[in-house]
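> Protein sequence lines correspond, in order, to chains P and R. Taken in order, the first sequence gives residues 1 to 782; the numbers are from the UniProt record's numbering. Taken in order, the second sequence gives residues 1 to 782; the numbers are from the UniProt record's numbering.
No lab work stands behind these hints, which were simulated from the structure alone. Quick reminder that beta carbons are idealized off the backbone N, C-alpha and C, glycines included. It cannot be assumed that every hint is accurate.
[Stated by the list, open to error] Okay, the calculated bits of chain P under chain R, using three or more residues with CB under 8 Å as the criterion:
id, segment
1, 70-82
2, 477-488
3, 562-576
4, 585-592
There are 2 protein chains.
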Amino acid sequence: MKNYLEHDPWCIVENGFHRDYNEITESVMSLGNGRMGQRGNFEEKFSGKTLQGNYVAGVYYPDKTRVGWWKNGYPEYFAKVLNAANWIGIDIDIEYETLDLNTCELRDFRRVLNMKEGYLERSFVAVLKSGKLLQVASKRFCSIVDDEAGAIRYAIKPLNFDAKITVTPYVDGDIRNRDANYDEKFWDEVRKETGYGEAFIELRTRKTGFHVVTGMCVEIEQDGSRIDYQSQPIKYEKYVANRITLDCQQGQETVIYKYAVNLSSLNYDSDRIMVDAHEYIRRITRKGFDKMLFEQKLAWADKWKVNDIAIDGDVAAQQGIRFNIFQLNQTYTGEDERLNIGPKGFTGEKYGGSTYWDTEAYCLPFYLATADQKVARNLLLYRYRQLGKAIENAQKLGFKAGAALYPMVTMNGEECHNEWEITFEEIHRNGAIAYAIYDYVRYTGDEQYLVDHGLEVLIAISRFWSQRVNWSEAKQQYVMLGVTGPNEYENNVNNNWYTNYIAAWTLRYTLESIQKVKQLDAAKFSALADRIHFREKEMETAGHIINNIYLPYDEERQVFLQQEGFLDKELMPVSDIPKGQRPLNQNWSWDRILRSCFIKQADVLQGLYFFEDEFDTETLRRNYAFYEPMTVHESSLSPCVHSVQASKLGMKEKAYEMYLRTARLDLDDYNNDTEDGCHITSMAGTWLAVVKGFGGLRVETNQLVLNPYCPDNWTSLSFKIRFRGALIQVMTTQENVTVQNFSTEPITLRVLGQSLTVAAGSRETVAVQVEALPVGSETPED
Amino acid sequence: MKNYLEHDPWCIVENGFHRDYNEITESVMSLGNGRMGQRGNFEEKFSGKTLQGNYVAGVYYPDKTRVGWWKNGYPEYFAKVLNAANWIGIDIDIEYETLDLNTCELRDFRRVLNMKEGYLERSFVAVLKSGKLLQVASKRFCSIVDDEAGAIRYAIKPLNFDAKITVTPYVDGDIRNRDANYDEKFWDEVRKETGYGEAFIELRTRKTGFHVVTGMCVEIEQDGSRIDYQSQPIKYEKYVANRITLDCQQGQETVIYKYAVNLSSLNYDSDRIMVDAHEYIRRITRKGFDKMLFEQKLAWADKWKVNDIAIDGDVAAQQGIRFNIFQLNQTYTGEDERLNIGPKGFTGEKYGGSTYWDTEAYCLPFYLATADQKVARNLLLYRYRQLGKAIENAQKLGFKAGAALYPMVTMNGEECHNEWEITFEEIHRNGAIAYAIYDYVRYTGDEQYLVDHGLEVLIAISRFWSQRVNWSEAKQQYVMLGVTGPNEYENNVNNNWYTNYIAAWTLRYTLESIQKVKQLDAAKFSALADRIHFREKEMETAGHIINNIYLPYDEERQVFLQQEGFLDKELMPVSDIPKGQRPLNQNWSWDRILRSCFIKQADVLQGLYFFEDEFDTETLRRNYAFYEPMTVHESSLSPCVHSVQASKLGMKEKAYEMYLRTARLDLDDYNNDTEDGCHITSMAGTWLAVVKGFGGLRVETNQLVLNPYCPDNWTSLSFKIRFRGALIQVMTTQENVTVQNFSTEPITLRVLGQSLTVAAGSRETVAVQVEALPVGSETPED
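Using the sequences plus the hints, can you model the full thing?
Right, here's the structure in full:
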């Protein structure tokens, strides 16, 4: 765990340059606007440790799969997030010296990510080898108003010399992906153009043929006024630049404004994308840096207005939660149903693919509660549009008759992963996609979605489950053999409780949804049934499976068994693992991990979290007491579920401990891997730990239910949520809970067990009574 | 299945060139002598489909591991069998035309592998584009007398022209491994030398630093007399040659003799290996081709004298079994305990590593019965010498106190495989290594081996098993979780019957062996116990495990269960698999294979085969009837075990069917993969099917036991075996069994249930009585 970033409620602050941690800082200080994103790299040359990264949403490359041993059914290609042309670069040469922060001495270095207003700024004084002192101050952002553009203000001031300074703003498309399987380059040059202070390059991805134009326009100010300058255009392979030589006087500030665009053929006709890029850049250049930044601030203020979480009394926790909310908003805006939430967002290129079950299981509730309903709907539509591919995917694995298996990892609907125990067997993801439909309808009340799209997906997933189980003569029940559950520290197990449960639940919800859709729009149901050859017999089969699914259970302990045979393991708490052997996946061989009882990520507990209405609190308490001590949380998606449940069980200390495991995961580089990028999807888990955990937010029978409490060391916690057109703020102190209604309609909700109606624009307060919180026993600490 | 090679009792004959099958023919017609081996490639240029291959025993390259997803514990490198310099090449240029069998018309093409005498010959008339007719006849062999040398007689005769013909014998070290993970080259050049009609190249393997000198010497005859010729030396990178231009008259035969050596630094000091190569080649050149070939014939006659199997009445079967015996003898001679039996021998480079459990489980009995005792002993010593590495390997996986896990695949004792479900979990291989010691001692009576080496290995393996099981509170028995049994169509299962059984058996045999060694040499036992810190407590633990190991069993069917949960599968016979879906591994995704009931390779039956003395025939019959119909035999090592057991159960048709599955596996390219090389280790399985199956050979209490029968469509079957200094021949017809004793001592054995003493140099005959054969019911045919 590192602790070099300063605590601040609204900013991430690096004070003094931490050279060895630079790649971590670059990840953390990434900027994005849902369409493009850029790691916190330096504008000027840097010969030290850095991972350059500019990413354009939806643009990917199908990298040839690398495996040790091929298994039939593996995908040939693996969609990789693509590192695109570098648009931020500005080389600075002072006579014979190049500004390179790796080779010069630095004074007063400061890099700040301003989350409130959505920009990154940096300032320092470079001491060159020649003794020259150059002051630099840069500020940049990816505009969320003009969301294919970024802008940079780069100011230099010679402190102790006069000199000709050569400034070379450039666009460099000759980049490589660090994560490429065979070290291939993924881009071909199509064309390049340079003009006065302008340069454009059009690149095309190999194989997928996406065109991306990255262009720039440069303006220069001295003494506060825009100046004319001599610009020498430069063209190398996949590289365009303007070399500009300026007379700079001691103490005089020269400001370079660099405007850049990244247009992709996803949104522009590739025949005229270069023309469009010219127009786009002219437009933003006319608008100018200051106006763009002003609009950026306003846009971010709008976002924070509806999804800020404020914590009083704990700056580190405050910074952590805001950082998570900020990055989630940078990654996905919900504007475009073709996009999704990659595990690293725009902060790194590792893993590839853009969509995991994380989206449905962890991210959806965040967007449901903090964004317009259409954002969550777009996340569902993304899967709806890929249904055909999911059916093809299932066919490849031997399923038929319209059964769908969504990929483990995907970009365009095709499977992007190649470990048999995951790709073929971690099929519970299919359940999460069904669950997301349920979750969306429950939160929004939008039953029409079932009619228009949801039911078709549900039937296809249910068909998969119906075919995937088999009747066991020995058990006289349905079993599901050879799966990997959410706990990936077990592979190829039989009868994973979670998977069996969510399979049966999907069948049940599908049957209910069929009835619902028949009621709402019988004609549409008939049309759908005809189109997908749905037969009533399928409902019979589903009914039989629902009633006869095998769910492993331990009568003695009265807990669900993660899978068959779990009790044959040597059961021991995490605290018994000898020191120095964690994380297990870096210290133990895989077989040892598999046969141990240790759990990577909530599995039975994940099921009890999703389906909490179907189990009483005592059942949760018993299972929590059994599984929590064996859970190592080596997935960043695990602690949030435990935190929510600990809150529910009244285990406030455990809930807070689990919250801390995620909230500052990247800021403190908890897992030593933030240099690869931030854990974007698990950031939604942090939000869940606060809003569903500390806030106790639920939706029951079309009504918001809140059971908030304030962790012991916080003075107050307040969060905002949107619910069916309403916007409310919930503020919790140790003494009371206040609900503020910002809407134009009154809202009725249950708070701490009481029904409460809050008038439009008004607020109501409920006192916290100790009895109102469930009393729980803490589990043994590990 | 292909059937283009002619049936012949002693030869493999390709009549007419089968261009598309050339790589298959090259595999089948490989030559080897235990030290070096060469695929059946052409000497002259060939621009068509070919896999060039020359292999030098023990010389390998640690290729960088390629995986999709790294797991902790995987080896960084993977020892690959190395394709070495091409020593057979002779380019032929006739004025402006190059002889290339891919571009000219061919008449009377014939390629013959003579197994009786151990050489490969080829003859054809090439019709060049110019209309010139050139007759070619070549003959070559890898000498088993001078086992680092090969020799070629290459004769050309212009049939319708006079011309200057340029002959360029060469050594080309610029070769690549088709199976390289990252397409790297593995050899660096050290030096090269050329002389009159001579050329040498010394290459060094990257990383491992093996030196190999490949050298050649050329002599030329015209009109039956040796001639002097002008030789122009040629040196390119990693390539040396002599260009020789000859006046050739119509009808005149020109013969090129090419002598070659492959010396490696395993056997020569790398400082003077080049000098040694010169001396070696001078020696064999003086000896000359004809004498070398004569010696080759005598040496092969000696081999056949002790291990031929003769089948009357079925040429295809006769050819098949001789082919298998021939290839086994070419691959491993037992001269060098550092060597072992690679899965492809010297016939291809796929897979890498040289040692699998195949050696112990399938090959050892062949060498025990057909070669000097030291050959089998050397196979055991190979593992003994690698014990230290096996202990290290187990340590990497978390085991301690001298526990050993032998690698799944190895060259030098280090693990060479990287699939977690195999590398870490297919641990039954450890049992086979223990079993081989038992098998060797039983066959040879050499109990001293236990004292000197065997017991140390047994204790180390037993320590592994003792740590690998765990006590199940739920079952109140020892369980073994997360293994892959011999049936690799199941992965990561719990309580694989075979693995649990062989683990407990190893513990039992180790305890017996401790007693035995204490009796034989108490001082040596003490010394060993001290050295390896053996404590009596270990024996107690072992005893507790032996008595309390969980062995899954179905009470209803009275069969052992391949693993826990097997009865939850949908059980169905192989005959129910829809047409066109086999082999399963080319048609089904891995998860579907895993959750099906279909068995790649004998698993429970493998256990009943190893430990047949511990089960009655009815137990075997029930288990065979249960498992055989579900077995797809997609491992080439499977049918032999089924064949031996079918013979024992009196199911003659099934035994013959299973025999045919292996005997001509490569000759008929049954699995469409012979082009990669032959299935060397499964060839030993064919021998088992004949000698242990049809021959009913066993050793019981120091005595040979034979229960031979002759398959219905054969007239007679005869095989020779060595047993403790004796050499006998067993000849079976439909009517009687004759045992010929070639030894100088009488031998007493049991034949068809009768005790029989055969005097030295004499023979005895026993009549076959129908009752003498066990009567069995055939299993359902698939």
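> Taking the hints in turn, state whether each one holds.
Results for each hint:
By the rule of at least three residues with a Cβ nearer than 8 Å to a Cβ of chain R, the coverage given for the segment 70-82 of chain P holds, with 3 such residues. Counting residues of the segment 477-488 of chain P whose beta carbon lies closer than 8 Å to any beta carbon of chain R gives 3, which meets the minimum of three for the stated coverage. Given as covered by chain R, the segment 562-576 of chain P passes the check, having 7 residues with a CB less than 8 Å from a CB of that chain where 3 are the minimum. Three residues within the 8 Å Cβ limit are the bar, and the segment 585-592 of chain P against chain R gives 8, so the coverage statement holds.
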